[in-house]
Amino acid sequence: MVEAFFIYFALMVVFCSVMVVSRKNPVHSVLWMLVMFFHVAGLYLMLNAEFLAATQIIVYAGAILVLFLFVIMLLNLKEEIATEHSVGGWPGGLALAVSFLLFALLAFTGFTVKASGKWSIQEVSRLTHTKALGKVLYTEYLFPFEVASVILLVAIVGAVVLAKKKLKS
Amino acid sequence: MPGTYLPESYLPIFIFIIIATLFGLGALLIGEIVRLRRPYHEKLMPYESGIDPVGEPRVRFSIRFYVIAMLFVVFDVEAIFLYPWAVVFDKIGLYAFVEMVIFIIILFVGYIYAWKKDAFQWE
Amino acid sequence: MNMPDLQPLMPEIVFLGLALFVLLAELFIKSKETIGLMVIVSVAATAYMIPQSFGVTFSGMFISDGYSSFFKFIFLLNLILTILISIQYIQIERAEFGEYYTVLMFSTLGMMIMASAGDLIVLYLGLELMALSTYILAGFIRHDARSTESALKYFLLGAFSSAILLYGIMLLYGLTGTTDIMKLSSLLMKNGMRLQSIFAIVMVMVAFGFKIALVPFHMWAPDVYEGAPTSITAFMSVGPKAAGFAVIGRVFLTGLEGFSADWRLLLVVLSIATMAVGNIIAIQQHNLKRMLAYSSIAHAGYAVLGVIAGNTEGLSATMNYLLIYAFMNIGAFSVLVLLRNEQERIETLEQIKGLARNHPFASALMLIFMFSLTGIPPTAGFVGKFFLFRALVYSGYTWLAVVAVVFSAISAYFYLRVVMYMYMYEPEEGVTQDISTAAPLGLALLITSLMVIAIGIYPEPFVNFARLVVG
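Protein chains in written order, with this note's numbering: chain A, 448 to 616; chain B, 9 to 131; chain C, 110 to 580.
Just so you know, the hints here were simulated from the structure itself, not pulled from any lab data.
Each hint should be verified, as a subset may be incorrect.
[Said to hold, decoys possible] As a list, the in silico BS3-like pairs of lysine-lysine whose alpha-carbon atoms are at most 30 Å apart:
id, chain 1, residue 1, chain 2, residue 2
1, C, LYS292, A, LYS582
2, C, LYS262, A, LYS471
3, A, LYS612, B, LYS124
4, A, LYS578, A, LYS565
5, C, LYS139, A, LYS613
6, A, LYS613, C, LYS141
7, C, LYS139, A, LYS612
8, C, LYS262, A, LYS612
9, B, LYS51, A, LYS471
10, A, LYS582, A, LYS565
11, A, LYS561, C, LYS299
12, B, LYS99, A, LYS578
13, C, LYS292, A, LYS565
14, C, LYS292, A, LYS613
15, C, LYS262, A, LYS578
16, A, LYS565, C, LYS299
17, B, LYS99, A, LYS582
18, C, LYS299, A, LYS612
19, A, LYS613, B, LYS124
20, B, LYS124, C, LYS139
21, A, LYS561, C, LYS292
22, A, LYS612, A, LYS578
23, A, LYS578, A, LYS561
24, B, LYS99, A, LYS565
25, B, LYS124, C, LYS141
26, C, LYS141, C, LYS262
[Unchecked claim] Away from chain C, derived, C-beta distances all over 12 Å, residues of chain B:
id, residue
27, ASP60
28, GLU64
29, GLU86
30, TYR103
31, VAL109
32, LYS124
The structure displayed is predicted, hence computed values, not measured ones.
All C-beta atoms, glycine included, are put in the ideal place defined by N, C-alpha and C.
So here's chain A without its partners, still in its complex pose (with noise of 0.2 Å):
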């Protein structure tokens, strides 16, 4: 059963993806993404991290994807625009590709599951997942978080650098 829909959720983040990259239409693409996101959200509550789905429902579902519908608006871009491959060489790119794959196979079919450390299912579904989250995150991980705020920080200085219409110097 949890094999069933491990694959199912796995097939179609693939499958999305697939469909992101290969539609011509843009807004097309976004809704593939939309599709991709909440599978990805699937896959998350299997591992126990009801907060990561929840996240990858608010955030990106929600707010990355408005993000991205405006950025495809604003650009106003054409399905009949579709350029002439710009550059060439995917026959290399593609072998290149395809021997990377391998090479993850081959490596990933080798790993063996050990101890499975402190933060086990029954632990994490004792504590529930937002409250270990916070837990690991507020104290052991205190100073990445603070790091993460000066990141988002320059994100709002970024946009307004870049975007503002007029910038007041």
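Keeping the supplied structure of chain A fixed, place chains B and C upon it in accordance with the hints.
For chains B and C alone, kept in the frame of chain A given last:
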């Protein structure tokens, strides 16, 4: 699969999603089967409150939307960080309070900056 | 909860506080010179904090030691020099916004966090902070399509490399259960999953290779360097590159020590490819910014040699080289900034024909920097290369040192061609070779040229200093 489990408590939500999907698809399908088909020119026109449509439907969005959306994303992420913090606040106490205050101050500086630069103005 | 020890973090805290202050001050102070001065004062305050900050904090996530401090000095130096050359330049480019200075500060803060990172998560966040700020800076001339294009290209490829780095970090975490760089090596060895470990190492190396523009991950560099504002090109050809080396030194030499035979082999291949592509393609470039972009690719290839040598000697040689490279490369870009006047951008070889006749002093400075980049004594470039190659020979890579010397000789062609165009041709008709007269820019040129010559003549203190902080 190790580390993976079935989140059984989410079964109602799962069923809900399935019913919602089926409902949406079913409504379209039944409509397709049952409805009459008498197309004529006016009926096929895009509906714009009874006025004849003018020009292209695709218009270029103003870049102002982008700035607002970007600011929304940033503060959305900030708000997300508050959830796990609120849940563990009673365990960690003052320490958690101080670190969240620092986090918010840093972003508040960004807020003042954006405000002063008129990023919230529809110029 | 116990309060974490903030002493090792003090330089970063002070720097962040001052950066926030400058961001707010910029809203009220209209004079950009004042803002620039405030940044320089902040840098001085931060530099003052660094020597008193040694220690490890946040349970090993943040390490402040001699190694990180040396790199932090390079970053701060890079910031000061960039600000000195920018003050008038961004006015000419009509991109005079106060954010320029704050974003430069945030980028430098990201580099400082990278240099001190003892944990892969911290490393990643530092890298993102640095990279995000640099993307913004690359697109800072908002009305110029080339600048915007450069920012977009840098951003897209940079985002890819970040994803690859995350993938590598994820694998390392999956293999060891830790993101602590100090514990990685022993846990990986104990685990014994060699193939999987190498896969992770390759991922991490690709991402770092992108940051320091090693071939074949260099594709972004020429376009980005050409399109970005010249002052920013100077900034990002030194800062992010040095930061990349700082994390390479930390992650590979300590975190992945057990796999040194494997990554060393990879680095040898990458460094030869980098030196070859950088030096040979630079020959075909007529745009000076593009030429310097390829030259900076080639110099990354040299600097990697010290990491390949892998001992104290080699690592200190790399650090020294990066310091020297900061002076000579920013110097060369400063001359380009000097040549930017209200009418035109002087960027091609044709435009600098006969420069020596109009501006003997500027040409002489360019000559010094070109000699140094080639590695001709008595300039600093020679000292840097000498110690690198010596470290390489001592650790048994004599053949690689020979290869590097050969490529170095090839590089003389395009560096000295610049000198030839300046000194041996008549000025072209219709090119206004007006130069800027800004005092801060003059100061930057003075510092860089003096340092290039001083290190070239009397290298002992610098070399010993780097050796001291590593050992």
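Results of checking the hints against the structure:
1. C:LYS292 <-> A:LYS582: holds, 23 Å
2. C:LYS262 <-> A:LYS471: Holds, because 22 Å separates the two Cα atoms, which is no more than 30 Å.
3. A:LYS612 <-> B:LYS124: holds, 14 Å
4. A:LYS578 <-> A:LYS565: holds, 14 Å
5. C:LYS139 <-> A:LYS613: holds, 16 Å
6. A:LYS613 <-> C:LYS141: holds, 18 Å
7. C:LYS139 <-> A:LYS612: With Cα atoms ~19 Å apart, LYS139 of chain C and LYS612 of chain A stay inside 30 Å; holds.
8. C:LYS262 <-> A:LYS612: The given pair, whose Cα atoms are some 22 Å apart, holds under the 30 Å limit.
9. B:LYS51 <-> A:LYS471: Roughly 28 Å separates the two Cα atoms, so the pair holds.
10. A:LYS582 <-> A:LYS565: Answer holds: LYS582 of chain A to LYS565 of chain A is near 13 Å, not above 30 Å.
11. A:LYS561 <-> C:LYS299: OK: LYS561 of chain A and LYS299 of chain C at ~13 Å, within 30 Å.
12. B:LYS99 <-> A:LYS578: holds, 10 Å
13. C:LYS292 <-> A:LYS565: holds, 17 Å
14. C:LYS292 <-> A:LYS613: Distance ~50 Å between LYS292 of chain C and LYS613 of chain A Cα, so the pair is violated.
15. C:LYS262 <-> A:LYS578: Roughly 40 Å separates the two Cα atoms, so the pair is violated.
16. A:LYS565 <-> C:LYS299: holds, 20 Å
17. B:LYS99 <-> A:LYS582: holds, 8 Å
18. C:LYS299 <-> A:LYS612: violated, 57 Å
19. A:LYS613 <-> B:LYS124: holds, 13 Å
20. B:LYS124 <-> C:LYS139: Given that 30 Å is the threshold and the Cα spacing comes to 13 Å, the pair holds.
21. A:LYS561 <-> C:LYS292: Roughly 18 Å between the alpha carbons, so the hint for LYS561 of chain A and LYS292 of chain C holds.
22. A:LYS612 <-> A:LYS578: Between LYS612 of chain A and LYS578 of chain A the Cα gap is close to 43 Å, so the pair fails against 30 Å, i.e. violated.
23. A:LYS578 <-> A:LYS561: holds, 25 Å
24. B:LYS99 <-> A:LYS565: holds, 19 Å
25. B:LYS124 <-> C:LYS141: Judged against 30 Å, a Cα distance of about 17 Å means the pair holds.
26. C:LYS141 <-> C:LYS262: Holds, because 29 Å separates the two Cα atoms, which is no more than 30 Å.
27. ASP60: Nearest chain C Cβ is 39 Å from ASP60 of chain B, so the label holds.
28. GLU64: Per Cβ check, GLU64 of chain B is outside 12 Å of chain C; nearest 25 Å; holds.
29. GLU86: Non-interface label stands for GLU86 of chain B: nearest chain C Cβ at 16 Å, farther than 12 Å.
30. TYR103: Label violated. Min Cβ-Cβ 4 Å, cutoff 12 Å.
31. VAL109: holds, 14 Å
32. LYS124: Per Cβ check, LYS124 of chain B is inside 12 Å of chain C; nearest 4 Å; violated.
Figure legend: structure checked against the earlier numbered hints; hints not met, in rising order: 14, 15, 18, 22, 30 and 32.
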